[in-house]
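**Student:** In case you want the letters, here they are:
There are 2 protein chains.
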Amino acid sequence: MSAPDGGAVRPADVAGTARRRGPYAKSAERRRAIVDAAFDVFASRGYRGGSFREVAERVGMSQTSLLHYFPSKEDLLVAVLARRDDVEPEPDPDEVRCRAGEGARGRAARFALSIEAQAEANVGIPGVIELYAVLSGEAVTADHPGREYFVERFENLRRDYVEELTALRELGVLRDGVDPVRAAASIVALWDGIQLQWLFDRDAVDMAAALRDYLSLILRLPEH
Amino acid sequence: MSAPDGGAVRPADVAGTARRRGPYAKSAERRRAIVDAAFDVFASRGYRGGSFREVAERVGMSQTSLLHYFPSKEDLLVAVLARRDDVEPEPDPDEVRCRAGEGARGRAARFALSIEAQAEANVGIPGVIELYAVLSGEAVTADHPGREYFVERFENLRRDYVEELTALRELGVLRDGVDPVRAAASIVALWDGIQLQWLFDRDAVDMAAALRDYLSLILRLPEH
Chain A
1 MSAPDGGAVR
11 PADVAGTARR
21 RGPYAKSAER
31 RRAIVDAAFD
41 VFASRGYRGG
51 SFREVAERVG
61 MSQTSLLHYF
71 PSKEDLLVAV
81 LARRDDVEPE
91 PDPDEVRCRA
101 GEGARGRAAR
111 FALSIEAQAE
121 ANVGIPGVIE
131 LYAVLSGEAV
141 TADHPGREYF
151 VERFENLRRD
161 YVEELTALRE
171 LGVLRDGVDP
181 VRAAASIVAL
191 WDGIQLQWLF
201 DRDAVDMAAA
211 LRDYLSLILR
221 LPEH
Chain B
1 MSAPDGGAVR
11 PADVAGTARR
21 RGPYAKSAER
31 RRAIVDAAFD
41 VFASRGYRGG
51 SFREVAERVG
61 MSQTSLLHYF
71 PSKEDLLVAV
81 LARRDDVEPE
91 PDPDEVRCRA
101 GEGARGRAAR
111 FALSIEAQAE
121 ANVGIPGVIE
131 LYAVLSGEAV
141 TADHPGREYF
151 VERFENLRRD
161 YVEELTALRE
171 LGVLRDGVDP
181 VRAAASIVAL
191 WDGIQLQWLF
201 DRDAVDMAAA
211 LRDYLSLILR
221 LPEH
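From first to last, the protein sequence lines are chains A and B. Heads up: the first sequence begins at 1 in UniProt numbering, then just goes up one per residue. Heads up: the second sequence begins at 1 in UniProt numbering, then just goes up one per residue.
Certain hints may be false.
Looking from chain A toward chain B, a few residues come up when the C-beta cut is under 7 Å (computed) [unchecked claim]:
1) Val-134
2) Gly-137
3) Val-140
4) Pro-145
5) Glu-148
6) Phe-150
7) Glu-152
8) Tyr-161
9) Val-162
10) Asp-192
11) Leu-221
Note that these hints are calculated values from the structure, not bench results. As the structure is a computational prediction, the values presented were derived from the model and not from experiment. For glycine and all other residues, C-beta sits at the position ideal for the given N, C-alpha and C.
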């Protein structure tokens with residue numbers, strides 16, 4: 001890593017823009033631009049097809065500069081996955097109006113529809129889903145740079161779902177005998193597992209339908 | 001791979017035992033011994049901790065000889081996973097008698113108990129479960145040597161479960177509205193996904209309970 005910096009922070013930037021806007025803001029902005037570019041590259045090319053080189057080219061940086069922001073490919077890929085977590089697709093408002101309706105059952109339906117919408121959006125970014133499958137598998141091994149990300153991601157997802165399922169139980173729209181803690185883990189598990197099968201054979205499974213079926217089993221949804 | 005063979009097939013074997021029993025039987029036996037040793041090594045040490053060297057030592061072979069049977073670490077690891085598929089743990093007969101009972105509901109309960117028994121057995125072999133998680137993730141990428149194994153494994157598992165769920169539906173013990181094809185994929189998915197979470201945090205999830213919950217949602221089990 002002793003090669004001269006090839007483009008990340010040019011002297012002019014440091015003297016001009018960066019000073020006016022603060023070096024931290026500048027660095028954060030560049031970091032975001034790298035992650036955006038990496039998202040696009042890996043979304044279209046997948047885990048093996050995507051390369052550091054192509055990401056560097058897209059943001060007009062040398063690979064050496066890129067390594068200043070992300071010391072390893074794994075670090076960059078984890079940032080790509082974290083970015084996906086931040087951009088939750090929203091369900092179609094017309095569908096929500098039509099299928100969810102009002103009241104407690106409406107809230108249960110909105111919860112189900114938001115999960116379905118994300119599952120459907122994932123069909124459009126197979127490269128990112130592939131990235132997720134490879135990294136989540138690798139990261140179970142000790143000392144993997146992505147381990148902490150996945151531990152936290154699972155904790156956060158389970159906690160969010162436990163909260164919503166507990167609220168739905170209080171509203172009387174969680175089916176009898178369903179445990180919010182175990183059901184929360186099961187939603188996440190089913191989702192990860194069905195994505196894995198989908199990556200091996202896209203015609204064999206329907207990701208959104210598998211989640212919809214499960215949610216219909218545990219929730220009292222509006223009757224149509 | 002030009003190093004002399006260090007122990008796999010000694011001249012004495014070729015002239016004696018191997019000729020009497022046929023070279024194919026000899027080779028198959030040695031292959032099995034390697035996979036058995038690799039299963040033990042990776043079951044106790046996990047994906048990163050296990051090594052070709054240790055497997056070779058256990059079977060009294062050089063690493064070069066080992067590579068004659070399994071050209072890459074991935075090939076050997078896939079064979080370890082395939083071996084696990086062959087050894088399905090059976091549920092405790094007393095528990096089956098007590099919880100399953102007779103008739104159609106009894107058959108549904110036996111199906112559920114056999115899945116639970118396997119999930120519980122997996123708790124005892126975290127190294128193999130780790131291996132499965134790493135390889136199934138890696139194998140989604142094109143040209144991975146394990147890809148074909150996973151494609152087939154998922155096809156076989158889904159087909160077996162579809163058959164059993166269809167039979168249970170005919171016996172009237174599949175709940176209304178449950179689709180055997182989607183439920184079969186969901187059992188496999190839930191299982192893979194809950195194992196993944198368990199590898200990141202063994203106290204956070206109960207693998208057997210997640211599967212039991214799901215099977216209770218889709219099957220009419222005996223009432224106790």
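**Student:** Against each hint, give a clear statement of whether it holds in the structure.
**Tutor:** Verification of the supplied hints:
1. The beta carbon of Val-134 (chain A) is positioned within 7 Å of a beta carbon in chain B (closest approach about 5 Å), and the interface hint is therefore held.
2. For Gly-137 (chain A), the interface hint holds, the least distance from its beta-carbon to any beta-carbon of chain B being 2 Å, beneath 7 Å.
3. Checking Val-140 (chain A) against chain B: minimum C-beta separation of about 4 Å stays under 7 Å; hint holds.
4. Proximity of Pro-145 (chain A) to chain B is violated relative to the hint, the smallest CB-CB distance being about 13 Å (cut-off 7 Å).
5. Because the beta carbon of Glu-148 (chain A) sits about 10 Å from the nearest beta carbon in chain B, more than 7 Å, this interface hint is broken.
6. Annotation: Phe-150 (chain A) was flagged as interfacial toward chain B, and the flag holds, the nearest CB pair being 6 Å apart, inside 7 Å.
7. Evaluation of the Glu-152 (chain A) hint against chain B yields a violated restraint, the C-beta minimum of about 9 Å exceeding 7 Å.
8. The interface hint given for Tyr-161 (chain A) is broken, as the beta carbon of that residue sits about 12 Å from the closest beta carbon of chain B, more than 7 Å.
9. For Val-162 (chain A), the shortest C-beta to C-beta distance to chain B is roughly 11 Å, which exceeds 7 Å, and the interface hint is violated.
10. A least Cβ separation of about 4 Å between Asp-192 (chain A) and chain B falls short of the 7 Å threshold, and the interface hint therefore holds.
11. A cut of 7 Å between beta carbons decides the hint on Leu-221 (chain A): the least distance to chain B is about 12 Å, and the hint is violated.
Hints 4, 5, 7, 8, 9, 11 from the earlier list are contradicted by this structure; the remaining hints agree with it.
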